[in-house]
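A.B. asks: Given chain A, put chain B in place with the hints provided.
Line order of the protein sequences matches chains A and B.
Here UniProt numbering is used: the first residue of the first sequence is 1, the next is one more, and so on.
Here UniProt numbering is used: the first residue of the second sequence is 1, the next is one more, and so on.
Treat the hints loosely; a few may be bogus.
[To be verified] List time: in silico SDA-like cross-link candidates among lysine to any residue, alpha-carbon distance up to 20 Å:
| id | chain 1 | residue 1 | chain 2 | residue 2 |
| --- | --- | --- | --- | --- |
| 1 | B | LYS165 | B | LYS185 |
| 2 | B | LYS51 | A | ARG39 |
| 3 | B | LYS176 | A | ALA472 |
| 4 | A | LYS185 | A | PRO148 |
| 5 | B | LYS176 | A | SER179 |
| 6 | A | LYS215 | B | LYS51 |
| 7 | A | LYS449 | A | GLN404 |
| 8 | A | LYS107 | B | LYS165 |
| 9 | A | LYS449 | A | ALA472 |
The set of hints was computed from the structure by calculation and includes no laboratory data.
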Amino acid sequence: MWRLNKVRHKAGRHGDSSEQFRSKRREQENALRQARRDRQLVSKRLLLNDDEEHPEVTMETNSAGQDVVSLFLKLQHSGPEKEADLKALSKALRDPSAQLTFIKYGKSMHLLVGLLTGSNAQCRLQAVQCLHELSHSPHATVAPACLPVTPYLLTYLSGQSTRFTELCLYTLGNLCPDSDVVTEKLLAQGIIPALTSCLENQRHNLALVEAVVLKQLPSDLPSLLLSVLTPDPQFGLAPAIECAWCLHYLTSRQSAVDGRVLLCHGALLQCSSLLVSIGGVVADGKKEEGMELLICPLLRCVGNLLSSCPVDDLIAQVDDVRLPAALCALLQAYLHTQPALARETAWVLNNLTAHSIEFCSALLTLNLVPGLIQLLPFSQGINTMVKLRVLANIAHKKKEFCVQLIQLGLLSALCATLKMADPEMVTLSLDVLFMLVTSCPQVAEEFVKQGGLSLIEAIQYNSEGEMRRRAAYLLEHKLLS
Amino acid sequence: MLQPELDRLRTEGDVLVRSCGDVCPTSETEQSEVEEGNPFSFSPRLIHLHKDHELFEDGDIQRHMYLQDLYIFAEDDKPSLSVSEFACHISGCTTVFSTLQEYEHHYNSLHRNVCCSCHRSLPTARLLDIHIQEWHDSLFTILAEKQDMYQCLVEGCGQRFRTSKHRKDHLIKIHKYPQDFKFDKIKTDRREKKRQQHKDTDMEVVDDVCVSEGVCEDMCGVLSDQPEQGESMEMHMTDEDTTGMAANIEDPSLAVHGTTSTSTDPLKPRYSYRVPANICFGQASVRGFRGRRGKRK
Numbered sequence: 001m002w003r004l005n006k007v008r009h010k011a012g013r014h015g016d017s018s019e020q021f022r023s024k025r026r027e028q029e030n031a032l033r034q035a036r037r038d039r040q041l042v043s044k045r046l047l048l049n050d051d052e053e054h055p056e057v058t059m060e061t062n063s064a065g066q067d068v069v070s071l072f073l074k075l076q077h078s079g080p081e082k083e084a085d086l087k088a089l090s091k092a093l094r095d096p097s098a099q100l101t102f103i104k105y106g107k108s109m110h111l112l113v114g115l116l117t118g119s120n121a122q123c124r125l126q127a128v129q130c131l132h133e134l135s136h137s138p139h140a141t142v143a144p145a146c147l148p149v150t151p152y153l154l155t156y157l158s159g160q161s162t163r164f165t166e167l168c169l170y171t172l173g174n175l176c177p178d179s180d181v182v183t184e185k186l187l188a189q190g191i192i193p194a195l196t197s198c199l200e201n202q203r204h205n206l207a208l209v210e211a212v213v214l215k216q217l218p219s220d221l222p223s224l225l226l227s228v229l230t231p232d233p234q235f236g237l238a239p240a241i242e243c244a245w246c247l248h249y250l251t252s253r254q255s256a257v258d259g260r261v262l263l264c265h266g267a268l269l270q271c272s273s274l275l276v277s278i279g280g281v282v283a284d285g286k287k288e289e290g291m292e293l294l295i296c297p298l299l300r301c302v303g304n305l306l307s308s309c310p311v312d313d314l315i316a317q318v319d320d321v322r323l324p325a326a327l328c329a330l331l332q333a334y335l336h337t338q339p340a341l342a343r344e345t346a347w348v349l350n351n352l353t354a355h356s357i358e359f360c361s362a363l364l365t366l367n368l369v370p371g372l373i374q375l376l377p378f379s380q381g382i383n384t385m386v387k388l389r390v391l392a393n394i395a396h397k398k399k400e401f402c403v404q405l406i407q408l409g410l411l412s413a414l415c416a417t418l419k420m421a422d423p424e425m426v427t428l429s430l431d432v433l434f435m436l437v438t439s440c441p442q443v444a445e446e447f448v449k450q451g452g453l454s455l456i457e458a459i460q461y462n463s464e465g466e467m468r469r470r471a472a473y474l475l476e477h478k479l480l481s
Numbered sequence: 001m002l003q004p005e006l007d008r009l010r011t012e013g014d015v016l017v018r019s020c021g022d023v024c025p026t027s028e029t030e031q032s033e034v035e036e037g038n039p040f041s042f043s044p045r046l047i048h049l050h051k052d053h054e055l056f057e058d059g060d061i062q063r064h065m066y067l068q069d070l071y072i073f074a075e076d077d078k079p080s081l082s083v084s085e086f087a088c089h090i091s092g093c094t095t096v097f098s099t100l101q102e103y104e105h106h107y108n109s110l111h112r113n114v115c116c117s118c119h120r121s122l123p124t125a126r127l128l129d130i131h132i133q134e135w136h137d138s139l140f141t142i143l144a145e146k147q148d149m150y151q152c153l154v155e156g157c158g159q160r161f162r163t164s165k166h167r168k169d170h171l172i173k174i175h176k177y178p179q180d181f182k183f184d185k186i187k188t189d190r191r192e193k194k195r196q197q198h199k200d201t202d203m204e205v206v207d208d209v210c211v212s213e214g215v216c217e218d219m220c221g222v223l224s225d226q227p228e229q230g231e232s233m234e235m236h237m238t239d240e241d242t243t244g245m246a247a248n249i250e251d252p253s254l255a256v257h258g259t260t261s262t263s264t265d266p267l268k269p270r271y272s273y274r275v276p277a278n279i280c281f282g283q284a285s286v287r288g289f290r291g292r293r294g295k296r297k
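If we strip away everything but chain A, and leave its shape as in the complex, we get:
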């Protein structure tokens, strides 16, 4: 249906042995996790040509450095081989130490600016390529050296040469997060209007948008973003993915105002409709490669938008009773392969059912509850508590719902969850049990019949006070009376 156009993983293309590749990937992953913990999770983007090797250093550090020096000198004297030299320079600048060497020359930016704005289109392209490499540098001093070029990059955002503008965009995106001083400067130089006008031409390129949104720059991007959201057969999933992540950063801000603004733009409507279509595709077993990259941010948008949405507006904003069905399909499909995704889906279901009788009722009517109940005992490293909260949300609404839940087998599932090691889980299970036995007198009997009594008695001696109190209350008032 929608292909992940133009963007592909390079997994396994390096010629490394697969064991080497796996261990490298593990390292990379651990580094990312640590970065996230430190709130330093930023990935700079690098545009490459298809047939080129992975952008790691293939030449000796020494020679790369010398290459840069000699190329720089040649370019300064404006020789006839300008293009070829510049191209060689851009390749040489992939090497981090060459990058450091290059920026040491006071005239290096001046040279690049001259080529960037000159009359030779190929030189312009190669010059921006050089800047792009520099912007991607792992060294903290390199990217800031590129700041003098930002007004040019911003000007070119409204230009018409696609590849060139793309490079300007990505380069600016890399330079953006670097510091607050940079951010202020970019704002003064008109990054927001430039970006907005660029987006109108290059709707599929959101690299800089993400940087802007992450950096919390003021923007009027929601409607523009939303117009890019639906995957386009021409561009595939990639722009929709980028867009959904930008929306996620917007919706996850603490400010309630952002949420309401986005709701007014129909963000919830659009995101939830898209999820419904994706859910349908997944349920049919036709999921495309890379789809989870889109599902994840979409779920997050819907989840957070739901939390800002007044209940009275909910039906209008979501407009599709099939959303719970789509969510359940996603939950089932990804439970084993992408447990984190399953967890986020359950969170969205919680927000959907928390205060809405309609959606709780829909879950029952659409016969989605048995699936949820079945999933309860599956811990598999996943915390199943959110799923139980969803069921609890349903039970909480009406006694009639409780009765239906019992008929669908919730009691025996509770018997399983009450045995779990996680005290949170057990406490919540006790809460749910309380609601169930309160709804209807026969439930207590049924529970005892299923062998639940001994469980509760055992919990009385648990180290957790919360659990003990609940167990005692249940025994005293409900189960033994």
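C.D. replies: Quick look at chain B alone, frame taken from chain A:
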């Protein structure tokens, strides 16, 4: 996982069921009636998660793994072919390309947004408009004596200034532009004098090529103000026009409007290859239809 939210639930004490109809932002505390001794505290809760929440960790990691392997397929760098596959169709532009992308990039960079009067190539349509206004519009000059006419170059700023110097100062001071921003050259008389030296030449001679020394330093070999025979129509050079004109060039049987010198002999139509003075195809273009093809980008 949802520890903080659940902790908050518990510390709020015993709560009874609240009817749906209210939104619970995470920081609100609920009013409650407390049933004596009832320890059960479940209440449906909307959970808003900040982007750094631990629930999002795995998804974030997946996202960044994807980003760091990100690349885009582009035309690969083929070695230069001796026979060109693409050539710039703008007459007189002697550039050839081995890929379509190169060609498009060339065209988009150099042949769009060209000022028809002085043949300067500007990077964007907006800057072109500003340039034309300020450099070639006599009405502008008149108005500028009395009002602030020089617009700020930064889109969205909207301020106007009495002189280009004031504008430049504004750009430097407020928008933190460099002193020597290339797209804000101040007009001088020197350029006018230089242009007088070049003459309008015939099509055969190829050396009246628009040579660009820099983005706004384009020295076209034609004095644009020279009146053309029978030519009076002002051409507004939009992108479509350029493309349209370019297409027309391919077909020499189409007379360029306004300047066809008709021959008395109907059997031997003569075509004027003269392109009206106020049509320019930008840098590196000649004023006629013939040009040497070569490899220059």
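A.B. asks: The structure should be examined with respect to each hint, and the outcome stated for every one.
C.D. replies: Structure-based check of all given hints:
A distance of roughly 10 Å separates the Cα atoms of LYS165 of chain B and LYS185 of chain B; the hinted pair therefore holds under the 20 Å criterion. Between LYS51 of chain B and ARG39 of chain A the alpha-carbon distance is near 10 Å, which keeps this suggested pair within the 20 Å criterion. As the CA atoms of LYS176 of chain B and ALA472 of chain A are separated by approximately 70 Å, the hinted pair breaks the 20 Å bound. Pair hint LYS185 of chain A plus PRO148 of chain A holds up; C-alpha atoms about 10 Å apart against a cutoff of 20 Å.
Straight-line distance between C-alpha atoms of LYS176 of chain B and SER179 of chain A comes to about 16 Å, which keeps the hinted pair within the 20 Å bound. Restraint check: the Cα-Cα separation between LYS215 of chain A and LYS51 of chain B comes to about 13 Å, which is no more than 20 Å; the hinted pair holds. With a CA separation close to 18 Å, the supplied pair LYS449 of chain A and GLN404 of chain A stays within the 20 Å bound. Proximity of LYS107 of chain A to LYS165 of chain B is assessed by CA-CA distance (about 26 Å); at most 20 Å being required, the pair is judged violated.
For a cut-off of 20 Å, the pair hint linking LYS449 of chain A to ALA472 of chain A stands: about 19 Å separates their Cα positions.
The structure fails to meet hints 3, 8 from the earlier list, while all remaining hints are met.
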